[in-house]
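> Those protein sequence lines, which keep their order, are chains A and B.
Its first residue numbered 1, the first sequence is counted upward by one per residue in this note's numbering.
Its first residue numbered 1, the second sequence is counted upward by one per residue in this note's numbering.
Since the hints were derived computationally from the structure, they do not count as laboratory data.
Remember, it's a predicted structure, so these values are computed and weren't measured experimentally.
Do not take every clue at face value.
[Claimed, not checked] Derived DSSO-like pairs: lysine-lysine, alpha-carbon spacing no greater than 30 Å straight-line: (1) B/K204 to B/K269; (2) B/K295 to A/K99; (3) A/K99 to B/K76; (4) A/K99 to B/K269.
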Amino acid sequence: MTLTLAVMDSINTLTLGHYLLTSAALFVVGLVGFLTRRNLIVMFLSTELMFQAAAITFIAAGRFHLDVSGQVFVIFILTVAAAEAALALALIVLLYRRKETLSAEAWSELRE
Amino acid sequence: MDGIVLYTLCVLGALGLYLVLRPGGLPIRAVGGLIGLAAFVGLLFLATTSLAGDEGARPGVFFVIFSLIAIASGVKLITHTRPVYSALYFILVVLASAGLFLLLQAEFMAFALIIVYAGAILITYMFVIMLAQQAPDPHNPSARPEYDLVPREPFAGVAVGFILLALLSHMVSGVLRDPPAAPSLEEARVMAWQDLVDMPEQLKAIVLAEQPGVDLAEDAPPQLEATGDGTTALVRYTLADGTAGEPLELTEDALPENIQQVGLALILKFREGQLELAGVILLMAMFGAVVLARKQIELSEDEKRQAAGMRRLGHEDDPEDFHAAEGSH
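Just need the whole structure built from these sequences, with the hints factored in.
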């Protein structure tokens with residue numbers, strides 16, 4: 001805890017901006033991955049990447065305001081991510097059994 | 001931050017990511033990766049110089065290392081043609097962001113992240129990748145399915161993503177130019193002591209540990225008050241015989257640790273059952289996953305009757321059923 005007070009002043013606006021930029025870049029990488037990949041599993045991995053970015057934002061903002069609520073929110077993000085992964089992977093297994101392929105475009109006839 | 005330079009860096013990053021994403025030779029992809037990483041470093045550098053003057057406020061070397069690892073493995077994740085390697089790169093992203101959490105003094109969340117993500121979620125992904133793997137072509141075992149090799153609309157995807165990034169970094173630059181009010185160091189210390197005030201049992205335990213053998217009054221919890229600039233605090237307590245005990249001075253070592261703070265916030269600030277709601281979400285997800293992934297087995301009419309313990313249709317003199325009927329006499 002000595003550590004906390006000793007470096008409590010070390011995060012200021014400048015480094016908060018750096019953390020926010022990192023998380024924005026990570027979010028965008030995840031978004032691009034979700035839009036461009038055609039493999040269902042990699043698409044859902046990309047959404048997990050976006051969850052990570054959101055978690056970094058929460059923790060950095062909470063650290064900036066010296067409020068642990070940001071960390072509590074990350075607990076809930078982890079919960080939602082775990083629930084999402086369980087359901088999405090069950091659906092992927094189901095879809096794979098139907099068409100024997102992981103390609104998202106195998107289901108593109110839903111468009112019509 | 002300078003707008004033109006900012007948008008140029010975003011365009012450069014988009015170009016880099018596009019070169020990495022689109023199917024091409026290794027040299028082109030390597031050049032693309034370098035351009036993208038250079039654009040990200042430039043973005044960080046721009047953020048640093050935009051508030052130049054305060055020399056001590058540069059991001060630490062660990063921050064640069066961890067954020068570069070996170071971004072680079074994120075890019076590898078979305079560009080690798082084998083899903084198993086994508087999952088492994090995701091573990092690297094998780095480790096790097098756990099490092100960032102450690103830098104932000106969120107020790108509990110850092111390790112929870114590693115345990116839950118790298119330990120549980122990623123293992124599930126691995127199993128699904130193994131379950132849903134197409135049998136390799138015996139003539140060409142290294143062949144990959146076409147949908148892993150060719151991305152879908154890489155140009156449009158990268159454009160959408162980097163328009164979003166330009167918007168976000170523009171907003172972040174607004175934050176840098178006009179920072180929100182953060183608590184000062186002294187306010188922060190006083191707030192940190194407030195956590196200990198919310199934990200009367202812990203305070204009592206600290207008093208007992210500091211002054212063994214003291215007999216505390218049951219109905220008067222110790223009172224804590226930050227002193228001076230908040231680096232120390234004074235605890236006043238009442239003894240069982242009604243007299244005031246000698247005030248105790250606490251140093252920063254007595255403050256609750258990160259995991260205690262998180263637990264306290266979870267209980268004090270989120271008291272209307274949010275945690276229980278999270279549990280319900282997890283339970284429902286578990287039910288959903290079990291119901292979805294269960295294999296449907298079609299039973300014939302005879303099998304259904306047999307499972308229900310009934311005689312099979314049209315087999316009234318079935319010897320097995322006959323014996324079963326005899327045994328019941």
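> All hints, please: hold or fail.
Verification of the supplied hints:
1. B/K204 to B/K269: holds, 22 Å
2. B/K295 to A/K99: holds, 15 Å
3. A/K99 to B/K76: holds, 28 Å
4. A/K99 to B/K269: Violated - the C-alpha atoms of B/K269 and A/K99 are around 48 Å apart, more than 30 Å.
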